[in-house]
Amino acid sequence: MTHVVGLPDNASAALFSLLSSEKKPQLVTVTREGEAFAVAAGLWVGGKNPVVLIQNTGLLESGDGLRGTVMRMRIPLVCLVTYRGYSTMAGAKLAPPREGLHSEILSRRDIDSVAVLTEPTLKAWGLSYDFLVENDDLAKISEAFKKAKESIQPTVLLIPRDLTAG
Amino acid sequence: MLTKDEFIIPLVRHRTQEIVVTSMGMVRPWAKHSDHLFDFACADSAMGHAADFALGIALARPERIVICINGDGSMLMNLGTLVTIAQSKAKNIVLFVMQNERYEITGNQPVPGAGSADYVLLARGAGIGRAYFFDDPQKFSASLPDLLDGDGPVIVAVRVEAGSERPLNRQKAEPARYLRPSLAESACALREALSDERI
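Heads up: the sequence lines are chains A and B, in that order. Sequential numbering of the first sequence, starting at -18, is according to our numbering. Sequential numbering of the second sequence, starting at 8, is according to our numbering.
One should not assume that every hint holds.
[What the hints assert, rightly or not] In silico EDC-like pairs for lysine to aspartate or glutamate, Cα to Cα no more than 20 Å straight-line:
{"#": "1", "chain 1": "B", "residue 1": "K39", "chain 2": "B", "residue 2": "D51"}
{"#": "2", "chain 1": "B", "residue 1": "K98", "chain 2": "B", "residue 2": "E25"}
{"#": "3", "chain 1": "A", "residue 1": "K29", "chain 2": "B", "residue 2": "E25"}
{"#": "4", "chain 1": "A", "residue 1": "K29", "chain 2": "B", "residue 2": "D153"}
[Stated by the list, open to error] One side of the interface only, derived from the structure: several residues of chain A facing chain B at Cβ under 7 Å:
{"#": "5", "residue": "K4"}
{"#": "6", "residue": "R13"}
{"#": "7", "residue": "A19"}
{"#": "8", "residue": "V26"}
{"#": "9", "residue": "E42"}
[Stated by the list, open to error] Over the 12 Å line for every Cβ pair with chain B, so calculated as not near, a few chain A residues:
{"#": "10", "residue": "G66"}
{"#": "11", "residue": "S68"}
{"#": "12", "residue": "G107"}
Derived by calculation from the structure, the hints in this document are not laboratory data. Keep in mind it's a predicted model, so treat the numbers as computed, not measured. Glycine included, each C-beta is placed from N, C-alpha and C at the ideal position.
Model the full assembly from the supplied sequences, consistent with the hints where possible.
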């Protein structure tokens, strides 16, 4: 991994802080998540191996940037996506694949609608994904790199909790 | 105001081993004058993401100048990239904003801010010191060596005539050679070309 491209949120803030104090991997912060995918695509074409780090809200924002750059270019990119709203969604037993995405669910004030939409969106885009939850899951990072390389497509690692949480 | 040829021909003449990323209404006109291993068409991709894609290449390959020929409609879709470029301090990116004030490929509808948006001010406001505007072909041609020399980032707004470019498709019968491969094949080919130390 040579570069981390993305935008911080509360869950990833500590990681961004750490990255900003390190020379490698090089941190590139952008103004909007769609930009992150285009910058990452350019880095890859230039011979580097970037990773994108964004929140799931940004994943939804970046739809065409993701589709038209790293997916259309078939770039083996690992995307780390923090999963805002996961805990309240899980607490309400609203696993997105089992529930319809009708407006009653999407407008519930006790549910963050971005959480409900995250996995169905990844599936709709044909993006493979996995979860990073526990320390034991760290091996999934290298598996994600392998999967991205083998499939010549981006792959997503969802991070459903604060990266600094104990 | 410049014709597209008045912009392209001097640039092709001055260009040596720079990477050139084109978008929208400049993709085919550029290919009429250039057929270079380091030409890349941001076509059949995502509108508004040529400049940030070019920035990624520039950050990856600081030893090479990356030229992006962007449209004003595309630039407007992603103005935040000006700030990202400024923050990156990439010395090797030259971003041309072709100011025809039209969405040419969809039939020349006016872009927001046509006649009033000032891309030099936008660039300077984003923190890019080297920002220029040209609407005279002789002055543009005479300034090109300086524009491509020295530390960037450099933003150059150029007022150009609106044309009548058709939608961009990647297909084998396409006259523009760099539009014949798929976007994925083009991306892979440029990565390989750039990794070849003999070039």
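- prompt: Hints broken by the structure, by number, lowest first?
  reply: Of the numbered hints, 4, 5, 9 do not hold.
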